[in-house]
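J.: With the working numbering, the residue at position 149 of the sequence shown is 150, and numbering never jumps.
Read the hints as simulated data drawn from the structure, not as lab findings.
Backbone N, C-alpha and C fix where the C-beta goes; we use that ideal spot for every residue, glycine too.
Take the hints with a grain of salt, since some may be wrong.
[Said to hold, decoys possible] Once the Cα atoms are required to be at most 30 Å apart in a straight line, the calculated DSS-like pairs of lysine-lysine come out as:
(1) 473 x 351
(2) 320 x 362
(3) 473 x 419
(4) 473 x 547
(5) 419 x 378
(6) 566 x 550
(7) 203 x 83
(8) 473 x 391
(9) 566 x 581
(10) 555 x 473
(11) 511 x 550
(12) 263 x 320
(13) 351 x 419
(14) 313 x 351
(15) 511 x 419
(16) 566 x 555
(17) 83 x 142
(18) 473 x 511
(19) 329 x 391
(20) 581 x 555
(21) 329 x 378
(22) 313 x 378
(23) 320 x 391
(24) 351 x 320
(25) 419 x 391
(26) 511 x 581
(27) 329 x 351
(28) 362 x 313
(29) 547 x 566
(30) 329 x 263
(31) 142 x 41
(32) 313 x 329
(33) 313 x 391
(34) 550 x 581
(35) 362 x 203
(36) 391 x 378
(37) 362 x 378
[Claimed, not checked] Cβ pair distances, simulated, as ranges:
(38) 68 x 300: 38 to 44 Å
(39) 179 x 108: 24 to 30 Å
(40) 439 x 241: 50 to 56 Å
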Amino acid sequence: MSGGGAGGAGGRDDGVLYPIAILIDELKHEDVQLRLNSIKRLDTIANALGVDRTRTELIPFLNESVDDDDEVLLVLAEELGKFVEYVGGPEHAHTLLVPLEGLATVEEMTVREKAVASLNEVCAAMPDADVAEHFVPLLHKLATKDWFTARISACGLFAQPYGRLSPASQRELRQWFASLCRDDAPMVRRAASSALAAFSAKLTAEEAQSELLPLAATLSSDEQDSVRLLAVENCVALCNVLNAPAQVPHVLPMVLRLAGDKSWRVRWSVANRVTELLDCFATDAARRQLVDAFEALLRDSEPEVRAAAAGKVTDVAVKAGADVTVAKLIPQVARLVTDDSEHVRAALAKVIMGCAAVLGKDQTIVHLLPRFLELLKDSTSDVRLNLISKLEDVNAVIGVELLSNSLLPAIMQLAEDKQWRVRLAIIEFMPLLARQLGQEFFESRELSNLCLLWLSDSVHSVRAMAAQNLTKLTEVFGSEWAAATVVPRIRSLNEDSNYLLRMTSLTVAKAVAEAVSQETLHALILPTVLSMARDPVPNIRFTVAKVLKDIIPKMDAGVVASQVKPCLHTLSSDPDSDVKYYAGQALATI
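Sequences are here, hints too, so could you generate the full structure?
T.: Following this line, the structure appears as structure tokens:
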């Protein structure tokens, strides 16, 4: 079939034949982009041709087009998965199997994976009779081909048709799948292991126990760690399928063997899925064995494994209970706090606070607080930050006063941490301390002064958060506290030689105006804002206009008319265009 033949058949150029001529010409063009564009227009071409000619001309042409650049084939594989409607609906969906079969055997993995996904989409649309007549033979052909890429693709095609077949056909599929699990090629066994979980969900508990379980056990002992790596997922999947009495004697030994595997990647996969594995087994004895295996993973020689296990400490503690946590996990936690790997310590710091809810107040004080203090003093900022971000978890268990008494000195040190994200996290924790401790305690520990110091921070995000923090503190302590504590700081900042700090004073004024009384706003904050309208820096002056616009709704109309409006009129005549613009916007709201 050629472009010229398609375009000139019968001497007609009727607008229907012409598109396929363009398609054929562009598919053969040496420019990859043109070929890509034509493949992306397949739906348009199919619409122009109609379903009959799409089946009889376009699909056969595509059957011969699978020897192309991988980029083109990837798009083709994706498009064909959405092509059922263009070949005439489900009853003709089987015509798409041939080109997709070719794409499922190419060397490029991404093309094969997309072809397998599209084959499953097409299979889902096919009538049951066509699945048995057309899809099953295709699956058998792929599963028995000499070239391993076809067998890899076959592994991903068992789950979709299985439930729609006769018992005899289902038995055949299980036999073919078993052959792939024992394939000589490691990559095929890996693909079979990867597909086992999805396939197991389609089987009965009896079929899974008698046929898939032995296969999973064999794969979990495979000589290739890339195959064993997938066995953990299969253990979880089989537990969801098998009857409860079969789970412990058949699956648990597999899990325990994988937890002690010689490959760190396999051990990592056990640590990473330990929560789901614990859910698989209902008996206390089985869970104790799993916790023992998890304890060993916390001591693993590889930092990647220890980090994965450390990140699951709280999840395991929740399922194991307080007694087991204290006996088995806390000793390992104490050791991990000083682990050589910062990634392990960071993973632990992110979750360790959650253990407080499991242990309760008394045991948290004894076993966890000393660990928290060590992590707060860690040399790595991510470790400190991860811990600070979870302080509320501990507060809910032991109370903020005890938390403050034990951890406050360390928190105060972190207020000047060299890593700005740590300082930011400490600021976010301050309103909680204020609400729980009260103004007297807050003041006695110099926390108010600390909050004011952050307004001069070298990082803008910290200064902005410090301003918002003062708003929240004003909501807790009231306008009198703001007048006595915050306003003097605003005044000192607006006289600073650094214009960024003068800008910060406006940010604070605007933020605190949200929380103070109208009297405090009129008497203390407004005069400070108005005084900055004469600042030599245009950015300060137009920020004054923006702040006034925001606080006008909170002020008395008489004050606005007598003080705010004249200031804005002056700014509206400013030589700087931005100042004039924002002053005009503010005036428009009055």
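J.: Run every hint past the structure and note whether it holds.
T.: Here's how the hints hold up against the structure:
1. 473 x 351: holds, 26 Å
2. 320 x 362: Distance of about 18 Å is within 30 Å: holds.
3. 473 x 419: holds, 25 Å
4. 473 x 547: Holds, at roughly 21 Å.
5. 419 x 378: holds, 13 Å
6. 566 x 550: holds, 10 Å
7. 203 x 83: It holds: about 25 Å lies between the C-alpha atoms, which stays within 30 Å.
8. 473 x 391: Satisfied, since the Cα-Cα distance of roughly 20 Å is no more than 30 Å.
9. 566 x 581: holds, 14 Å
10. 555 x 473: Between residue 555 and residue 473 the Cα gap is close to 17 Å, so the pair holds against 30 Å.
11. 511 x 550: holds, 10 Å
12. 263 x 320: At roughly 27 Å apart (the allowed maximum being 30 Å), residue 320 and residue 263 satisfy the hint.
13. 351 x 419: holds, 20 Å
14. 313 x 351: holds, 10 Å
15. 511 x 419: holds, 28 Å
16. 566 x 555: holds, 15 Å
17. 83 x 142: Holds - the C-alpha atoms of residue 142 and residue 83 are around 23 Å apart, at most 30 Å.
18. 473 x 511: Satisfied, since the Cα-Cα distance of roughly 13 Å is no more than 30 Å.
19. 329 x 391: holds, 23 Å
20. 581 x 555: Holds: residue 581 and residue 555 sit about 23 Å apart, inside 30 Å.
21. 329 x 378: Holds - the C-alpha atoms of residue 378 and residue 329 are around 25 Å apart, at most 30 Å.
22. 313 x 378: holds, 22 Å
23. 320 x 391: OK: residue 320 and residue 391 at ~20 Å, within 30 Å.
24. 351 x 320: OK: residue 351 and residue 320 at ~18 Å, within 30 Å.
25. 419 x 391: Status holds; Cα separation ~20 Å.
26. 511 x 581: holds, 20 Å
27. 329 x 351: holds, 20 Å
28. 362 x 313: holds, 21 Å
29. 547 x 566: holds, 13 Å
30. 329 x 263: holds, 23 Å
31. 142 x 41: holds, 29 Å
32. 313 x 329: Since the Cα atoms of residue 313 and residue 329 sit roughly 14 Å apart, the hinted pair holds (cutoff 30 Å).
33. 313 x 391: At roughly 15 Å apart (the allowed maximum being 30 Å), residue 391 and residue 313 satisfy the hint.
34. 550 x 581: Cα-Cα ~13 Å, so holds.
35. 362 x 203: violated, 47 Å
36. 391 x 378: holds, 15 Å
37. 362 x 378: holds, 23 Å
38. 68 x 300: 38 to 44 Å: At 54 Å between Cβs, range violated.
39. 179 x 108: 24 to 30 Å: holds, 26 Å
40. 439 x 241: 50 to 56 Å: holds, 51 Å
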